[in-house]
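Peer 1: Take a look at the letters that make up each chain.
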Amino acid sequence: MAKTVGIDLGTTNSVVAVMEGGRPKVITSKEGRNTIPSVVDPEKRIVGDVAKRQMIIKPQEVIFSVKRLMGHKFDDKVVAQEQKWLPYKIVKEKDNRIGIKINDKTYTPEEISAMILKKAKEDAEDYLGDKVEKAVITVPAYFDDAQRQATKQAGEIAGLEVLRIINEPTASALAYGLDKKNLHNIAVYDFGGGTFDVTILEVGEGVFEVKATRGDTHLGGDDFDQEIIQFLVDEFKKENTIDLSKDPQALQRLKEAAEKAKVELSTSVETEINLPFITVKEGNPLHFVKKLSRAKVESLTEELIKRSFGPVAECLKDSKIDKKDIDEVILVGGMTRMPKIREEVKAFFGKEPNKSVNPDEAVALGAAIQAGIIEGDVKDVVLLDVTPLTLGVETLGSVMTPLIERNTSVPTAKSETFSTAADNQTQVDIHILQGERPMAKDNKSLGRFILEGIPPSPRGVPQVEVTFDIDASGILDVTAKDKATGKSQTIKITGSSGLNKEEIEKMKEDAEKNAETDKEEKEKIEVRNHADTMIYTAEKSLKDVGDKAPKDIKEDVETKIKELKDILEKGSREDIESKTKALSESLQKIGEIAYKQQAEEDAKKAKEEKSEKTDDSDKKDDKKVEEGEVVEE
Amino acid sequence: MAAKKEPLKKIQEELRVTNDKYLRALADYQNLEKRIEQTITDAHVRTKSHVILQFLEVLDDLEKAEIFVKDEGLKMIKDKLIRIFVELGVKEMDLFGTEYDPHLAEAVEILPGADDNIISEIVRKGYLIGDKVLRPAQVKVSKKTN
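These protein sequence lines are chains A and B, in that order.
Going left to right, the first sequence walks through residues 1 to 633 as the working numbering numbers them.
Going left to right, the second sequence walks through residues 1 to 146 as the working numbering numbers them.
Calculated from the structure, these hints are not laboratory results.
A virtual CB, placed ideally from N, CA and C, is assigned to each residue, including glycine.
Among the hints, a few may not be true.
Claimed, not checked - Now the in silico label distances, taken between C-beta atoms and shown as ranges:
#1 A:D222 <-> B:L128: 45 to 51 Å
#2 B:I84 <-> A:K77: 35 to 41 Å
#3 B:L128 <-> A:N284: 19 to 25 Å
#4 A:R45 <-> B:G113: 35 to 41 Å
#5 B:L26 <-> A:E516: 32 to 38 Å
#6 A:V289 <-> B:L128: 17 to 23 Å
Stated by the list, open to error - Cut-off 25 Å, straight-line C-alpha distance, at most; resulting in silico cross-link-like pairs (DSS-like, lysine-lysine):
#7 B:K132 <-> A:K30
#8 A:K94 <-> A:K105
#9 B:K125 <-> A:K118
#10 A:K255 <-> B:K125
#11 B:K48 <-> A:K414
#12 A:K211 <-> A:K105
#13 A:K260 <-> A:K30
#14 B:K125 <-> A:K52
#15 A:K30 <-> B:K48
#16 A:K522 <-> A:K581
#17 A:K483 <-> A:K444
#18 A:K152 <-> A:K92
#19 A:K260 <-> B:K64
#20 B:K21 <-> A:K131
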């Protein structure tokens with residue numbers, strides 16, 4: 001089935017996204033990037049990174065920022081302003097329309113935009129391995145009807161059926177999932193590469209209404225780069241009396257370094273610009289080495305950041321919504337990664353802005369979501385339920401041992417093998433639990449049953465396989481099977497998802513709240529379990545070695561067993577740990593004797609035994625077979 | 001009999017639908033597996049390219065240094081670095097004197113020349129990894145002057 005894509009047709013960069021498995025995903029371009037520069041060489045029909053590489057040699061033939069001309073008449077004031085700085089030729093066509101003249105051919109802005117959209121379409125088809133015929137395209141909230149029409153036409157020229165033109169801030173709000181939250185007023189702060197926009201949205205029953213929008217069409221990340229470059233040039237001039245801005249090659253390197261530094265300073269507080277052999281002075285090479293701090297960049301770009309808050313204040317005023325009534329502030333556009341900008345936004349609105357979505361991708365992701373809604377994709381997708389909470393069984397020391405972790409898609413099944421905790425134990429109690437807490441008692445008990453008829457054998461030997469199987473409707477079947485006899489017991493639990501939303505949330509909250517104390521308690525029980533195992537091993541070793549061990553060693557072990565037993569129930573964790581360690585050390589002496597005995601028997605056989613008894617294989621066994629809860633009756 | 005046939009038909013229809021859904025789910029899963037494999041391969045190439053790109057800057061610097069510092073040791077370091085890149089599948093593009101192609105290089109300056117659109121100087125070398133452009137070159141391009 002042909003897919004519908006969402007396209008963020010930007011002034012400097014465009015992004016295309018698609019719904020996959022019910023989630024929006026940005027499509028990587030053929031050049032391996034998530035964004036496509038909105039730059040076109042119409043003659044060669046080259047778009048994106050490749051077109052951008054020719055900008056310097058073909059300034060009048062490589063078109064960028066065409067979005068600024070979309071839907072305008074030639075006589076519009078804006079066009080005259082843009083014309084002043086755009087290097088390509090803008091001409092007046094029939095009916096006062098705009099034409100972009102390249103050599104002897106004239107293109108409309110719609111045609112140029114269509115080439116960007118076509119590239120987006122082709123990249124998407126390449127990625128999806130399928131045809132793409134429909135799209136949702138975004139436009140700024142301030143676009144008027146003519147500008148929206150022009151964008152729609154561009155889509156049609158590109159061979160796309162434009163299902164809808166939606167506002168960029170609305171798309172962002174969708175990407176942030178704000179249609180589902182119970183919010184009223186949303187502020188969208190969008191600081192991109194070349195333009196700045198701020199919009200106040202009002203949400204009602206999943207519908208977004210633009211209350212006000214403002215912006216600065218010539219304020220963006222590029223201005224920040226320029227400030228940094230200028231600073232670097234000035235610094236170098238101060239030290240070496242050489243103006244690097246006069247040297248195109250040096251300037252190019254500075255520009256790349258400035259961009260990189262800007263990005264780095266979003267995550268670190270200092271970076272180093274290191275450009276060896278940047279230029280030559282009187283035959284000697286000069287290097288550019290300079291530490292650049294985040295604080296420095298912040299002070300260099302202070303004015304630019306401040307400039308964005310003029311429109312923000314005006315927008316808020318236009319919307320007639322009080323600052324304190326803004327429920328959520330979301331950040332869009334790459335520049336909002338800058339910590340200073342986040343700080344300022346927070347200071348202005350008195351609220352931590354939401355930055356949970358990649359700011360470069362938010363608009364396209366939202367467009368894809370809108371496309372999914374229109375296409376009713378959701379209907380065709382089989383929505384698989386997930387287990388809201390972890391399911392498991394109680395094991396030795398009242399510990400909850402998870403079998404199926406929460407958020408696992410159902411239907412699913414999982415088994416694990418457990419064993420007994422005492423010698424000659426003939427039955428195991430299977431206690432089924434639900435919840436996130438490590439101790440059995442803190443979780444919800446779903447049911448329990450007993451598997452009987454296990455042949456008497458030492459602890460840890462029987463293998464009881466416990467299987468959890470949840471079907472698509474959430475019904476849980478728990479089966480316990482003794483591998484030796486094949487005997488099994490099953491219980492069916494229908495109420496495993498019978499918790500309502502509040503209960504589930506509460507259980508998750510409890511788990512988070514008590515994480516620290518739970519961890520301590522669990523560790524204590526683990527220590528106790530370990531001690532218990534050590535006592536068992538020691539007693540067994542004493543029996544096995546019989547009277548072959550010297551009396552003093554045996555007595556030593558016996559005392560230590562007693563000491564440990566005495567504190568096992570009520571002693572502190574540290575005491576149990578140290579006494580367990582002491583017992584373990586004494587026990588080694590018996591181990592040595594037992595080993596010697598065997599060595600005496602058969603050299604060959606002893607060798608084999610040794611390889612089987614290495615620590616590694618012992619540990620492995622421990623993991624595979626966990627000790628089950630004992631019921632002593 | 002007719003009354004009995006109806007439920008049978010209904011069940012057959014349900015079975016057909018269910019079977020179809022099952023096959024679709026299976027196909028979805030297999031497709032996902034293929035996609036994951038592709039994604040892992042792509043991620044591997046991307047990560048490798050990303051790392052190599054950073055080290056290419058060091059090679060650039062070494063080449064600039066060579067202009068001023070004539071030293072056998074320095075040359076050895078540079079050659080060693082190049083050898084590592086070659087082993088990783090990196091190839092230098094030989095673009096000097098060829099017609100300018102934006103797929104392979106970024107034009108940073110125009111130089112007057114005898115012909116149009118010929119690469120007359122390489123500012124920063126370009127590299128391929130396999131048959132893909134790892135880093136486009138930065139070049140000066142000629143423009144015919146009368």
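Peer 1: Okay, which hints does this one fail, numbers in order?
Peer 2: 1, 2, 3, 4, 5, 6, 9, 11, 12 and 17
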